[in-house]
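Student: Protein chains in written order, with the working numbering: chain S, 15 to 112; chain C, 69 to 1012.
Errors might be hidden in some of the hints.
Reference excerpt, derived from the structure (chain C facing chain S, CB under 8 Å, subset only) [to be verified]:
#: 1; residue: M651
#: 2; residue: L654
#: 3; residue: A686
#: 4; residue: G688
#: 5; residue: I755
#: 6; residue: L826
Residues of chain C clear of chain S, computed beta-carbon distances all greater than 10 Å [as the list claims (entries may be wrong)]:
#: 7; residue: L107
#: 8; residue: A384
#: 9; residue: R427
#: 10; residue: L536
#: 11; residue: I687
#: 12; residue: T809
#: 13; residue: L858
#: 14; residue: I932
#: 15; residue: F963
Note that these hints are calculated values from the structure, not bench results. Built from N, CA and C at the ideal position, the CB exists for glycine as well.
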Amino acid sequence: MNALIVAVAAGLLMAGGVYLLTERHPFRRILGFSCMGHAVNVTLFEAGGVQGNPAFIDGTDITTMASPIPQSLVLTAVVIGLALVTLLAVTAFRQEHH
Amino acid sequence: MIALILFLCAGLLFTITRTRALDLRLRGGIASAGSLALLLYFSYTWMGSENHIWTWQMDWLPQVGIQLALRADGLSALFALIVLGIGTVIFAYTGVYLKGARRSGHMLSLLLLFELAMLGVVLSDDVITLFICWELTSVISFLLISADYEKPSARFAGRHALLITGIGGLCLMGGLLIAAATFDTWKISEMQQAAALAGGLPTKAWVLILLGALTKSAIFPFHSWLPLAMAAPTPVSAYLHSATMVKAGVFLLLRLFPVLVLHAWWAPTLLTLGTITLLYAGYRALRVSDLKQVLAWTTIAALGTIVVALGTGTTAGVIAALVFIIVHALYKSSLFMLAGAIDKLTGTRELDSLAGLRRYMPFGALAGLLAGLSMAGIPPFVGFVGKELIYQAQLEAPGVSILIPVLAILGNALALVAAVLVGIEPFRNRKIEKERRHTTSTKVALLSIFALIPALFSLLFGLLSNILIAPILSDTMRHSFALSEDVQLGLWHGFNTALILSIITVAGGAALAAWRIRKADSWLSPSWTPKDGAAWLFETLPTFATFVIRPFKRASIVGWIGSTVIMVYVILVGTNIHAGLQMPALSLQDFDSFQTLVLFLVLIGMAITIAARHPLTAIGGMGFIGSALAVWFLHRGAPDVGATQLLVEALSLLVLAWAWLRVTNTYKPNVLPPSLRRQHYTSRIFISLAMGGGLTAILLLGGPWTPPTELGLDMIQRTQPEAFGLNVVNVILVDFRLFDTLGESAAIALAGLAALMLLSPGVVKNKKPALPATPVAQTAIVIGYMLLVLSLPVFYRGHNEPGGGFLGGLVASLGLIMIGIISIQDNSVRLSSLARKLIVIGVLCTSLSVIPSLLADKPLWTAIWFTVPVPLLGDIPLGTPVLFDLGVYLAVMGFGAATYAALRRAESDGTFDFRMKKTGLPAATRFLQNTSEPTATQSSEGGS
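Work out the full structure: start from the sequences and follow the hints.
Tutor: Dropping the structure here:
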């Protein structure tokens, strides 16, 4: 059931992202990009099995830990998403005024 | 070897030095002296090595046996000496010639790099080294041809050259790889032996290698790029496009001659193509009036001559080709340099407006005479020696038709005419229509003297050919071709057939020259000029490309993005269906109400964003999505990701709101005529739902997804004992999977720099009056500083607890932006320079943290730890990952500062008009009018 909910949420995020991407307004397209990025991050989390206790070496049973590799991948993806959004925003901003 | 490295460093120093920092003539002189020193050093080392074979190698990819291997036998040494020798003169010439020209320092450093790459081509003994250097010469040639990139013609010429030599390079790579796989070695010298034993190369490899060589050497039908390459500055033409780079192709043919010649197609192919090239290019040379064009076509003709000599497949042919390569390098570089001097003196290169120049440039006239006579093949110049040898080789070779030497006579006669046209005619006193007076200068005199140097060598080598050239040729034959033949060169070989042919050539050429000069107008009439076959390629390729992309690139945005989405969909869903689908067992037992609630909030945010009519609402909706997702990440057991998501959301909302609200504070949905509206929305919703549904299907049916994989467990177990950390995610970021993070921090640093570049119009014109600071603002500044301070512990504790470089950097960015926004004075200039420094230092930290592992001779970026005793705090562990993470921290902080500074600076600058636009077309529509025409038409229809 949980898998179904996450899958539907990721799908709707992606659908919303694509919908925004087909707008004409540059800034709304940027929002679309951002949404698609969120959808992909959720997918990575779900598919990578990130569920469980935080991955810290503090005596927790390691088999109950959330898988750390997808976490680190998503972490960098989130930061790169910021770089992308900023770059797109600055480009759109400049385009409007040049 | 050390000399080579020093030379490279010098070259890079030139690249870094600003153009005006050091006089270009001085820099040219230094480069020239460097070349000469390298030439002497190389000759000394090479002469001193055993059997005159100098080798040097270093492991590059030992796992697959690839080495950085250099080997200089006679053949390589001969070419290396040509490259270095001509380079010595060219660099000095370039310094004088290009002084004051735009991007001159840039060109000089490219020339230096070219010299190194070309040395790599002729000296490398490893297939991969050879290929890389080969491609480098192509790329540098491209950069130099299109150096004047504001001109469309220069860009076209560069592209043309790169396309042809690039395709040739790929063929060469294919051929060499097949050969390497067949004979199981990367070494060219070993490959030669193995191939000789096996009776030659496989036909595939043979054809591909030949294609590589012929495209590089501009042999028909691949010749069209060379005349276009004359768009490059004259020193470049003199060095790359006559003396050295175009010889790389024939060098390769010579290098692999013992192997290639075994194939049955060798003689027919090379003799045919060589002869066609020789005659066609020789003829075209007489049909153009631009000095450099004449020289370019004669270069192609000369390359044809060399290929014909090689095509005979005999020892005599090889010797003739080698001598002719020396001959051509000398006279052609001299003539090109002379063309440059003439250009500088008169401002034109049109042959029919050049006459009587000997009054202005006596040294130039002498250089032209000497080089021209060598080109024409008149004794006692080395050109005569070369021509005699070629006739001899053609006559003596078994199985070569008598037609070949007969056609060669015609080709050489054409070359003689060209020699008269460029070497003698401009200097002769004769009547021309537009006679002009010129003022001579030291610059022209200097340039002429440089042009004279190779011309004098033509004479010297002609007179003393047996002493100066013969020994190295004998050596080459012995060690490169395993033939113990003593090469004897000389001007007088007795009264033989070759001499008769020479006499016929000179007589015929003289008659032809008289005709060409008398009837210049009819020779130059454009109606005669045939169209180049390669132009066809450049007309066809874009048409073909348009044909291919037409179904995908549509005029409407929906169609365009839709086709992309459908492609992704087909690929992703298709591969998943192919892999097999499985419906998971759905039960209500694992229903997680908290998770469901959070995801529901995400979707509410989504709905707000889509339905929003005002930018702030849309951005607010995005904030909703981002924050809810952060909570979801936390809930799933990823505190670091959750925290990062939260901070990133805050930053990106700030940036978006700032940029967007400055552009417009309204949002209009797509303006469409009513007839189209329905279709438009239907198709958009369909595409979106298709994509979203695909993702849902993959996630749901593509599983089961197995929680922590073995790799993950392995990393968890190694975290404490190997990386001395407790936070597994952070350890993965800064240690186990460091390369990913390195790339990512570089990407974010670049995004920051790009923001600065894009929004920095330069001088601040229109400073707005500062607002007085309110108590709230002052509090905010304090909070900003607190955030800055707080970011340090966030960064430092990352190794063991949630935190780390990314998080710390984001906190610091927020702090900086907060201070920046509130501060009274416009501090964007200060912040932008701070941002640059932070980014540079951050990237340096991440990159330099490799050094300890290099020093310890371990795999790159192996973590090295040590403890530092600090009073009061006890032992503090420090390691390269900490340095690396510090780099990430600084880079991210720099990114935040850069983004802020860019936007603020654009705001305070008068270039941008930031008044809210409430009337007229929304700015977004204007944006679209620039990008796609049909939609713009639609919107204006809808508006009216």
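Student: Against each hint, give a clear statement of whether it holds in the structure.
Tutor: Verification of the supplied hints:
no. : hint : verdict
1   : M651 : violated, 10 Å
2   : L654 : holds, 5 Å
3   : A686 : holds, 6 Å
4   : G688 : violated, 11 Å
5   : I755 : holds, 6 Å
6   : L826 : holds, 5 Å
7   : L107 : holds, 48 Å
8   : A384 : holds, 64 Å
9   : R427 : holds, 54 Å
10  : L536 : holds, 61 Å
11  : I687 : violated, 8 Å
12  : T809 : violated, 6 Å
13  : L858 : holds, 19 Å
14  : I932 : holds, 21 Å
15  : F963 : violated, 7 Å
In this structure, the earlier hints numbered 1, 4, 11, 12 and 15 are contradicted, and the remaining ones agree with it.
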